[in-house]
Amino acid sequence: MPKTAYLTVVAGLCMATTATAETPKLTVLTYDSFVTEWGPGPAVEAAFEEVCACDLEFVGAGDGAALLARLQLEGPRTDADIVLGLDTNLTAAARETGLFAPHSVEADLALPIAWTDTEFLPFDWGYFAFVGNAGAQAPTSLRALADSDVKVVIQDPRSSTPGLGLLMWVKAAYGDEAAGLWADLADNIVTVTPGWSEAYGLFLDGEADAALSYTTSPAYHLIAEEDASKVAWAFDEGHYMQVEVAGKVAATDVPELADQFLAFMVSDGFQSIIPTTNWMYPAATPEGGLPDGFETLITPATSLLKSPQEAQAVRDEALAEWREALSQ
Amino acid sequence: MINRVPAYLAGALVAVLTLGTLIVVALRAEAGSGLSGADWAAVRFTVMQAFVSAFLSIVLAIPVARALARRRFWGRRVLITLLGAPFILPVIVAVLGLLAVFGRNGIMNDLLGALGLPEMSIYGFHGVVLAHVFFNLPLAARFLLQGWLAIPAERFRMAASLNAPVGRLLERPMLRTVVPGAFLVIFLICLTSFAVALTLGGGPRATTVELAIYQAVRFDFDLGRAALLACVQFGICAAAALIAWQVTAVDGFGAGLDRVVQRWDGSRVFDGLWIAFAAVFLLIPLGMVVVKGAPGLLTLPDSIWAAAGRSVMIAVISAALTVTMALALALHGGRLVAVISVLPLAASGLVVGTGLFLIVFPFVRPADLALPVTIVVNATLALPFAVRSISPAVQTVRSDYGRLMDHLGIVGWARLRFVVLPRLRQPLGFAMGLAAALSMGDLGVIALFADEQNATLPLAMYRLMGSYQMEAAAGAGLLLVALSLLLFWLCDRGGRAGADL
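Chains as they are written, first to last, in the working numbering: chain A, 1 to 328; chain B, 329 to 829.
One thing to keep in mind: the hints can contain errors.
Some chain A residues near chain B, calculated using beta-carbon distances under 10 Å [claimed, not checked]:
(1) Ala-69
(2) Ile-189
(3) Thr-191
(4) Tyr-220
Just so you have them, the derived chain B footprint on chain A, three or more residues with Cβ under 8 Å [stated by the list, open to error]:
(5) 23-37
(6) 73-86
(7) 154-167
(8) 202-211
If you anchor each label on the Cβ, the simulated ranges turn out as follows [what the hints assert, rightly or not]:
(9) A:Ala-301 with B:Ala-604: 54 to 60 Å
(10) B:Leu-814 with A:Asp-236: 52 to 58 Å
(11) A:Ala-320 with B:Leu-497: 31 to 37 Å
For the record, the hints were derived by calculation from the structure and aren't laboratory data. Glycine residues also receive a C-beta, built at the ideal position from the N, C-alpha and C atoms.
Turn these sequences into a full structure, and let the hints guide you.
Written as structure tokens, this is what we have:
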């Protein structure tokens with residue numbers, strides 16, 4: 001490179017550094033798949049930076065289950081202004097850390113349940129479901145699955161949010177009889193994987209008839225791959241919901257910007273990106289509605305969801321039942 | 329004499345990364361719950377599967393290594409390099425490769441079905457052991473093969489001319505020096521296994537201590553329990569190491585002249601069968617990785633190539649660091665070095681990562697340190713293998729030439745440069761290749777530190793899987809295997825140039 005050009009670059013870099021020093025920076029701690037080039041991250045970053053005169057930075061911290069532990073490790077000194085990607089099974093524990101502040105956003109949400117939480121605001125949601133191949137035997141309830149010889153692969157509730165979701169699903173549907181259902185399910189479970197990726201990969205490789213995933217998973221195959229061969233099984237007991245939320249970190253140094261982001265999060269600019277990048281339902285239906293293909297998805301008649309307090313209260317008991325039944 | 333400072337530095341680094349991080353995690357802990365019955369069940373399962381896996385790996389590796397040591401055939405070198413592949417595969421790639429053979433939809437079940445036999449399931453205790461043997465048999469075979477090739481050719485000639493039993497006089501004493509150490513290393517690798525055990529174990533009965541640590545940190549945020557479990561893991565390691573050192577014998581014969589080993593004993597057919605067994609068992613799952621990955625290889629996104637470049641850079645630097653530290657430690661020698669060089673195997677990856685995170689977080693943004701931290705941690709984690717590979721050769725040089733060199737006044741740098749290093753080329757090359765390949769496939773601390781801009785190839789591959797990009801992930805897996813093998817082959821080849829291994 002000629003020397004003059006080099007100097008221009010150096011000067012440019014210096015100016016760029018000064019420029020970033022003046023724009024406020026918003027750091028959002030989230031899970032890895034949100035940040036990748038297939039996830040919502042890049043589009044959300046571009047859309048928000050257009051309106052905020054700020055620098056939005058996403059920091060990926062493993063999967064959803066790892067987010068809270070990461071924030072607790074960092075403690076009050078954290079650089080994060082927003083934590084995005086916890087679900088309602090984790091919000092009670094998150095609240096107890098005292099690291100979050102109330103948000104001030106009023107939003108018109110499209111969730112099948114009423115939303116009253118003042119600290120955590122949903123950005124998308126979905127139903128857990130077993131996803132199998134079209135045309136194959138499809139049980140119509142958890143009970144029918146347990147009584148059949150259909151093979152499924154699930155995730156470990158101790159290391160994965162869908163795994164924990166299934167634990168809550170069985171508990172919500174069967175209550176005190178959950179242990180019995182798990183005992184009958186044990187011979188249907190090919191194996192238990194550490195995370196969603198491994199389970200879904202095993203299913204696609206033909207290791208199981210279905211994997212625990214979301215009712216929206218077939219939309220990915222339909223829209224991104226033009227492949228209509230995957231279906232979610234509709235279960236009579238209803239489907240447990242996952243509501244993914246974001247919260248404002250109390251120690252943030254840019255509280256107004258954080259509020260602005262949360263308000264943006266439930267607006268069209270953010271919500272229209274969600275369906276075909278995160279493959280979940282948007283928390284507030286965008287103006288254009290849902291993308292083509294989503295109308296083919298099953299809509300559970302009953303939505304199951306434990307309140308954060310209940311979810312936290314039954315977690316250890318449900319985990320013990322699960323471990324007991326599957327260790328036989 | 330040899331300068332001792334490098335050995336002290338290496339030792340201090342290992343101690344800080346293994347024990348230091350554990351102490352940091354324990355100090356950060358709030359009042360925790362202690363260990364539960366389920367934790368002890370995990371300890372029992374962990375020790376049991378690690379013992380059986382290590383035992384089978386070694387028992388099967390003995391005939392394979394002997395066959396490879398005494399037979400010459402076309403493609404032997406390539407086979408030996410390829411046999412090293414399973415050990416350096418990233419877990420998820422290897423598991424998918426194994427499942428393509430032994431899974432419900434795999435080749436084995438297709439064959440069984442064609443013969444009208446009932447379906448077999450890989451999931452369970454036997455699946456965990458099968459996967460661990462798949463990973464570690466090649467490693468055991470390489471350690472043993474080195475042992476066999478370290479027996480000077482003169483002794484085999486002597487034995488042949490006297491018609492003396494080779495097995496009893498030469499091979500068994502060699503095995504007694506090599507097997508306990510190899511057993512220990514493999515036992516410890518299996519001890520800290522996590523994803524393999526869970527995925528193939530079929531459920532929570534296959535919970536290992538490492539998974540319990542993972543749960544304590546991530547699910548309960550109970551750092552106290554995580555630290556306790558890590559202590560239990562170190563305790564098991566210490567017990568295993570003491571037993572292994574107790575039964576290790578010391579070689580008593582004199583030096584040889586590095587001639588090529590010629591052998592007159594053993595059955596060709598028998599050796600051929602063992603080599604065929606190892607090749608089929610290890611290479612077919614590997615072949616399936618290639619078959620599955622090839623379609624995705626052409627459509628890999630740019631970010632994967634960037635991650636691959638970073639991984640190669642990390643691997644090369646950390647391998648150089650590993651070999652330097654291993655050499656310093658091996659030249660120093662002694663019990664303490666033996667302790668230092670097994671510590672990293674017993675350390676919990678998650679505790680090391682969490683401890684480092686707690687140490688650096690108050691001062692810098694963790695993502696800024698992702699690459700240096702990964703280099704240092706990977707170098708340390710590969711250290712046990714490097715020391716194990718270099719140490720016996722250093723001892724041999726010392727016992728065979730030490731007095732001669734003292735007598736001639738060859739000391740310090742000259743001794744290292746002209747006598748020691750040339751005789752260590754082969755183990756140094758092997759150690760460097762292994763360290764580079766291990767670093768390529770490692771997914772330990774990087775996950776806690778990296779952001780989008782500095783992901784390594786295994787991390788990028790996991791992220792692909794997390795975004796439904798299974799085909800691209802399989803392609804990335806193949807790229808990872810290919811790069812790991814290439815690095816391993818280049819280093820190992822450099823060490824073996826001109827030698828008959």
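Here's how the hints hold up against the structure:
Contact between A:Ala-69 and chain B, as hinted, is supported at the beta carbon level, the nearest pair being about 5 Å apart and thus within 10 Å. Proximity of A:Ile-189 to chain B holds as hinted, the smallest CB-CB distance being about 6 Å (cut-off 10 Å). The interface hint given for A:Thr-191 is met, as the beta carbon of that residue sits about 5 Å from the closest beta carbon of chain B, less than 10 Å. For A:Tyr-220, the suggested interface contact is upheld, since its CB lies about 5 Å from the closest CB of chain B, less than 10 Å.
Look at the stretch 23-37 of chain A against chain B: 5 of its residues bring a Cβ nearer than 8 Å to a Cβ of that chain, three or more, so the hint holds. Here's how the stretch 73-86 of chain A fares: 4 of its residues keep a CB closer than 8 Å to some CB of chain B, so the rule of at least three is met and the hint holds. Counting residues of the stretch 154-167 of chain A whose CB lies closer than 8 Å to any CB of chain B gives 3, which reaches the minimum of 3, so the coverage claim holds. Three residues within the 8 Å Cβ limit are the bar, and the stretch 202-211 of chain A against chain B gives 6, so the coverage statement holds.
As the Cβ distance of A:Ala-301 to B:Ala-604 is approximately 58 Å, the hint placing it in 54 to 60 Å holds. With their beta carbons about 54 Å apart, B:Leu-814 and A:Asp-236 fall inside the hinted range of 52 to 58 Å. At roughly 58 Å, the beta carbons of A:Ala-320 and B:Leu-497 sit outside the given window of 31 to 37 Å.
Checked against the numbered hints given earlier, the structure breaks only hint 11 and satisfies all the rest.
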